[in-house]
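There are 2 protein chains.
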Amino acid sequence: METQEKQRTFIDREQVLAHWQGHRALTRRVIEAFPEKDLFTFSIGGMRTFGQMVGELLAIAGPGAVGLATDEWKELDEKDRSQESKEKLLELWDQTTQVLDENWSKIPEERFQETQVAFGMYENPGYCSVLYFIDNEIHHRGQAYVYLRALGVEPPAFWER
Amino acid sequence: METQEKQRTFIDREQVLAHWQGHRALTRRVIEAFPEKDLFTFSIGGMRTFGQMVGELLAIAGPGAVGLATDEWKELDEKDRSQESKEKLLELWDQTTQVLDENWSKIPEERFQETQVAFGMYENPGYCSVLYFIDNEIHHRGQAYVYLRALGVEPPAFWER
Numbered sequence: 030m031e032t033q034e035k036q037r038t039f040i041d042r043e044q045v046l047a048h049w050q051g052h053r054a055l056t057r058r059v060i061e062a063f064p065e066k067d068l069f070t071f072s073i074g075g076m077r078t079f080g081q082m083v084g085e086l087l088a089i090a091g092p093g094a095v096g097l098a099t100d101e102w103k104e105l106d107e108k109d110r111s112q113e114s115k116e117k118l119l120e121l122w123d124q125t126t127q128v129l130d131e132n133w134s135k136i137p138e139e140r141f142q143e144t145q146v147a148f149g150m151y152e153n154p155g156y157c158s159v160l161y162f163i164d165n166e167i168h169h170r171g172q173a174y175v176y177l178r179a180l181g182v183e184p185p186a187f188w189e190r
Numbered sequence: 030m031e032t033q034e035k036q037r038t039f040i041d042r043e044q045v046l047a048h049w050q051g052h053r054a055l056t057r058r059v060i061e062a063f064p065e066k067d068l069f070t071f072s073i074g075g076m077r078t079f080g081q082m083v084g085e086l087l088a089i090a091g092p093g094a095v096g097l098a099t100d101e102w103k104e105l106d107e108k109d110r111s112q113e114s115k116e117k118l119l120e121l122w123d124q125t126t127q128v129l130d131e132n133w134s135k136i137p138e139e140r141f142q143e144t145q146v147a148f149g150m151y152e153n154p155g156y157c158s159v160l161y162f163i164d165n166e167i168h169h170r171g172q173a174y175v176y177l178r179a180l181g182v183e184p185p186a187f188w189e190r
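Chains as they are written, first to last, in this note's numbering: chain A, 30 to 190; chain B, 30 to 190.
Calculated from the structure, these hints are not laboratory results. The structure presented is a predicted model; accordingly, all values stated were derived computationally and were not measured. All C-beta atoms in this analysis are idealised placements derived from N, C-alpha and C, irrespective of residue type, glycine included. Treat the hints with care, since some could be wrong.
If you anchor each label on the Cβ, the simulated ranges turn out as follows [to be verified]:
#1 B:Glu61 <-> A:Glu131: 23 to 29 Å
#2 A:Trp188 <-> B:Glu189: 23 to 29 Å
#3 B:Asn153 <-> A:Gly74: 33 to 39 Å
#4 A:Ala62 <-> B:Glu131: 18 to 24 Å
Under 7 Å between C-beta atoms, here's a sample of chain A residues computed to sit facing chain B [as the list claims (entries may be wrong)]:
#5 Arg37
#6 Phe39
#7 Glu43
#8 Asp109
#9 Ser111
#10 Gln112
#11 Gly171
Sequences and hints are given; from them, build the entire structure.
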């Protein structure tokens with residue numbers, strides 16, 4: 030990127046990926062901190078369990094990165110993960126980390142400002158889709174912090190990525 | 030912005046402001062939805078009340094935008110808001126909306142990639158500070174969703190901004 034353009038940039042694509050993966054590393058620590066027996070059983074106020082939320086996040090991030098790279102979108106496929114161990118969830122999480130890294134550089138440079146129909150349902154410019162994926166993770170992870178506190182577990186520091 | 034540069038842009042600064050204000054509009058609806066009697070009394074697992082969290086968000090957003098515009102940073106000044114009514118919190122929220130709009134265009138174009146010491150404490154490139162301010166709001170608002178559900182109140186839709 031030329032110096033003048035860089036100066037005018039809010040954030041470049043490599044920084045977006047690092048930002049996203051930094052959030053994902055924090056969410057991984059929240060999964061690790063969650064008592065295994067509570068992952069798919071504990072909830073507050075009739076909300077979903079954190080394990081179910083993690084299932085949603087897994088259904089979004091990897092397929093979302095592939096969709097942005099190819100503009101071929103499948104329907105959101107939120108698999109039932111409720112029989113998975115914490116170790117398996119973490120393994121799936123790490124696989125997604127790789128899928129993201131591998132596909133990010135394949136996203137055409139104009140894709141972020143173009144409109145796509147993410148997952149065949151959500152019509153938005155690419156940058157809005159990416160931010161939505163990240164924000165949705167922050168939102169649910171914030172909820173997991175309350176679950177952890179209610180369970181008497183100290184969550185990892187929010188500012189560490 | 031030139032067409033070619035626009036094509037290579039992940040997000041431009043006007044889009045960042047709209048994204049932030051969209052999140053702030055949602056948080057405003059969460060404040061509105063919160064039962065007034067619970068704002069500064071209800072909490073889960075020894076966490077702060079949502080009213081206290083709103084106090085933090087008010088201390089960050091407006092002064093943060095002024096700091097980015099001027100590079101003059103004061104210490105984070107989280108005032109005790111626990112005697113304020115919900116109406117007053119919403120009024121302060123709306124004042125911050127204006128402060129953000131007024132100061133955003135004054136932020137020098139290179140500031141987002143330059144490192145500053147936000148609030149005299151947090152040394153980061155400008156874009157990281159902005160994203161931290163937004164992410165921190167999403168994080169605490171996600172916690173407020175759990176509080177609302179625990180109180181039997183339906184929160185506003187996350188995807189509406």
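Against the structure, the hints:
1. B:Glu61 <-> A:Glu131: 23 to 29 Å: violated, 43 Å
2. A:Trp188 <-> B:Glu189: 23 to 29 Å: holds, 28 Å
3. B:Asn153 <-> A:Gly74: 33 to 39 Å: Taking Cβ atoms as reference, asparagine 153 of chain B and glycine 74 of chain A lie about 35 Å apart, which means the hint holds.
4. A:Ala62 <-> B:Glu131: 18 to 24 Å: violated, 41 Å
5. Arg37: Cβ of arginine 37 of chain A sits 5 Å from chain B, so the hint holds.
6. Phe39: holds, 5 Å
7. Glu43: violated, 10 Å
8. Asp109: violated, 22 Å
9. Ser111: violated, 20 Å
10. Gln112: violated, 25 Å
11. Gly171: holds, 3 Å
Comparing the model with each earlier hint shows violations of hints 1, 4, 7, 8, 9, 10; every other hint is respected.
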